[in-house]
Amino acid sequence: MTRPDNNFDTQLARGRCRRYRRRILDISQQVPALHIGSAYSCTEIVDCFYHGLMRRDADGSSPDTFLMSKGHGCMIQYVILEENGLLSRADLDGYCTPEGQLGVHPDYGTPGIAAATGSLGHGLSMACGMALAERSRKDPGIIYAVLSDGEVQEGSTWEAVLMSSSLRLDNIVAAVDNNDLQSLGRTSVTHHSFYPLVDKFQAFGWEVAEVDGHDPAAIFDAVVNRRGGRPFMLVAKTTKGKGVSYMENVPIWHYRSPNPDEYRRAIDELETAP
Amino acid sequence: MRNMFAEALYREATANPNIYVVVADISPVGNMAKFSSEYPERFINVGVAEQSMIGICAGLALKGCQPFAYTIATFSLYRPFEMVRDDLCYQNLPVTVVGMGAGVIYSDHGGTHHTMEDIAIAGAIPNMQIVAPCDPAEVAEATHWCARQKNGPVYLRLGKSGEPDLTKDGEPWVFGKLRCLRRGSDVCILTYGVISKMAFELADRFAADGKSVSIFSCHTMKPLDRDGIIAALQHHDHLIVIEEHVPQGGLAAQTKQLAWDVQARCRIDTFTLQDRFIHNFGRYPDMLSAHGLSVAAIAQRVGLG
Numbered sequence: 001m002t003r004p005d006n007n008f009d010t011q012l013a014r015g016r017c018r019r020y021r022r023r024i025l026d027i028s029q030q031v032p033a034l035h036i037g038s039a040y041s042c043t044e045i046v047d048c049f050y051h052g053l054m055r056r057d058a059d060g061s062s063p064d065t066f067l068m069s070k071g072h073g074c075m076i077q078y079v080i081l082e083e084n085g086l087l088s089r090a091d092l093d094g095y096c097t098p099e100g101q102l103g104v105h106p107d108y109g110t111p112g113i114a115a116a117t118g119s120l121g122h123g124l125s126m127a128c129g130m131a132l133a134e135r136s137r138k139d140p141g142i143i144y145a146v147l148s149d150g151e152v153q154e155g156s157t158w159e160a161v162l163m164s165s166s167l168r169l170d171n172i173v174a175a176v177d178n179n180d181l182q183s184l185g186r187t188s189v190t191h192h193s194f195y196p197l198v199d200k201f202q203a204f205g206w207e208v209a210e211v212d213g214h215d216p217a218a219i220f221d222a223v224v225n226r227r228g229g230r231p232f233m234l235v236a237k238t239t240k241g242k243g244v245s246y247m248e249n250v251p252i253w254h255y256r257s258p259n260p261d262e263y264r265r266a267i268d269e270l271e272t273a274p
Numbered sequence: 001m002r003n004m005f006a007e008a009l010y011r012e013a014t015a016n017p018n019i020y021v022v023v024a025d026i027s028p029v030g031n032m033a034k035f036s037s038e039y040p041e042r043f044i045n046v047g048v049a050e051q052s053m054i055g056i057c058a059g060l061a062l063k064g065c066q067p068f069a070y071t072i073a074t075f076s077l078y079r080p081f082e083m084v085r086d087d088l089c090y091q092n093l094p095v096t097v098v099g100m101g102a103g104v105i106y107s108d109h110g111g112t113h114h115t116m117e118d119i120a121i122a123g124a125i126p127n128m129q130i131v132a133p134c135d136p137a138e139v140a141e142a143t144h145w146c147a148r149q150k151n152g153p154v155y156l157r158l159g160k161s162g163e164p165d166l167t168k169d170g171e172p173w174v175f176g177k178l179r180c181l182r183r184g185s186d187v188c189i190l191t192y193g194v195i196s197k198m199a200f201e202l203a204d205r206f207a208a209d210g211k212s213v214s215i216f217s218c219h220t221m222k223p224l225d226r227d228g229i230i231a232a233l234q235h236h237d238h239l240i241v242i243e244e245h246v247p248q249g250g251l252a253a254q255t256k257q258l259a260w261d262v263q264a265r266c267r268i269d270t271f272t273l274q275d276r277f278i279h280n281f282g283r284y285p286d287m288l289s290a291h292g293l294s295v296a297a298i299a300q301r302v303g304l305g
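In order, the protein sequence lines correspond to chains R and V.
If you're matching positions, the first sequence starts at 1 in this note's numbering and goes up one per residue.
If you're matching positions, the second sequence starts at 1 in this note's numbering and goes up one per residue.
Please keep in mind that the hints were generated in silico from the structure rather than gathered at the bench.
Mixed in with the good hints, there may be bad ones.
Stated by the list, open to error - What the simulated footprint calls covered on chain R by chain V, stretch by stretch (three residues with Cβ under 8 Å from a Cβ of chain V suffice, anywhere in the stretch; the number is not a length):
id, stretch
1, 88 to 99
2, 110 to 116
3, 120 to 129
4, 162 to 175
5, 193 to 206
What the hints assert, rightly or not - Ranges of calculated distance between the beta carbons of each label pair, as one might list FRET restraints:
id, chain 1, residue 1, chain 2, residue 2, range
6, V, N151, R, G229, 36 to 44 Å
7, R, R22, V, V174, 42 to 50 Å
8, V, V174, R, G109, 26 to 34 Å
9, V, R148, R, R265, 54 to 62 Å
10, V, Q274, R, F194, 38 to 46 Å
A virtual CB, placed ideally from N, CA and C, is assigned to each residue, including glycine.
So here's chain R without its partners, still in its complex pose (with noise of 0.2 Å):
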């Protein structure tokens, strides 16, 4: 069993996540909608959680879990499947057809997918229970999970932020995707008392940190540096869209498909970008 420790070379990680975005885009060209936006937001969380984190064995199984919290995302965790060998090309060109097995919100049964998710605010309690499962293993499994910020307005992720915290369950390792944006603006200027994210999290027990969410060595070094004990969070700070400009912070990109023209000047700025 493998795990990179403090041997993440962020470089290769840049470039892992350049070539997702890119794959998204190419898929993005056979269908007429996907979230985009949600899944550039958290490219670089997830790659980190896939590629620095999580140990693998041998025959490339994992001990450990990833949980998209927020299943709108999915789009990075396939491409990243595709490219680890567990979802097949066939699989990721079969996206959203009759034929395929993958759709627009990640579904249990498909491999490499831990649960389904989709509606809001269900990930955190199931992490949460895999969590206690794992407690109970001589090397417990830790649960690395990927929420949306406007899924931190569910009480029920509250509901899972206090049992997680209350079972001292410190196999947990979430991240919430803070873009700060939804589908009727600003999340800050929407629901401002919401913010500082950081201490509400603390205040319920959790070790939190808080890094930019599209700095893969900053992600890296935040959660193996943790002091442990308890669950930990991740506030990263994201943009929506990132990678292509005229994406970022724009809602529309929450779920659309990019015209012919919009696809190439995206894969410019892709290949220019440093």
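Take the given structure of chain R and dock chain V to it, following the hints.
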């Protein structure tokens, strides 16, 4: 019933380390207290937070455990409904959602504590199975079955306490099969749950009138024993359904649907809770009576004077 549930569950949990109980701030009665003190790592109290109760059970089951969610029926099924639907049923996980004190047993607590529509609601969800035992012995059978089955989610509908033994002369309990508790030839009473006691009292009234009565416990409300009900329709001249549930989506409605499907020729009378909330208070029989569910009222309606 709840004590028998706790006892049966304790026995299963002693033998199987994968059994967890996730409760929502409900006082541990009987062997539930023993469970919680002997296996604290497998007894989780989420507090008044039923959505997480169901979600945590789902997470446990996704990791191979066999969890039970346990609280008063309205709070175990209605409050976290979408978690029951998505986390348990959609993912088809072997989690038992225990609805304690279902029906109108929490009589004087008011409508917020009555569970009058649970069979229809739970039964409408694909993959959900429903078991509603009629006495403590059936609770034990059902609990042992729930602890070992891997089909998918179960809604286990329980009463509370003080229920009489009705099944000591009955057939063996088999999941998914009507259970004959008394064999007769003229009239058949189909029932389930705590109200089944009324069927025996009504049968005695029929006996005094010279008629022999079959009584069946329809303990598995989903999947319903269609063949068993069709046979009951065909072998009796008069079929009566008594259930503590609103008219829509329960045993009465489904029996009448089956009767139509097979063009049954017998007389059918159904006695259910009505399609309206109960705003008066009192004891459990007062609640049932408010909707016409008493032996006297039913006897009169079926011509027993």
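Tell me, in ascending order, the numbers of any earlier hints that this structure violates.
-> 1, 5, 7
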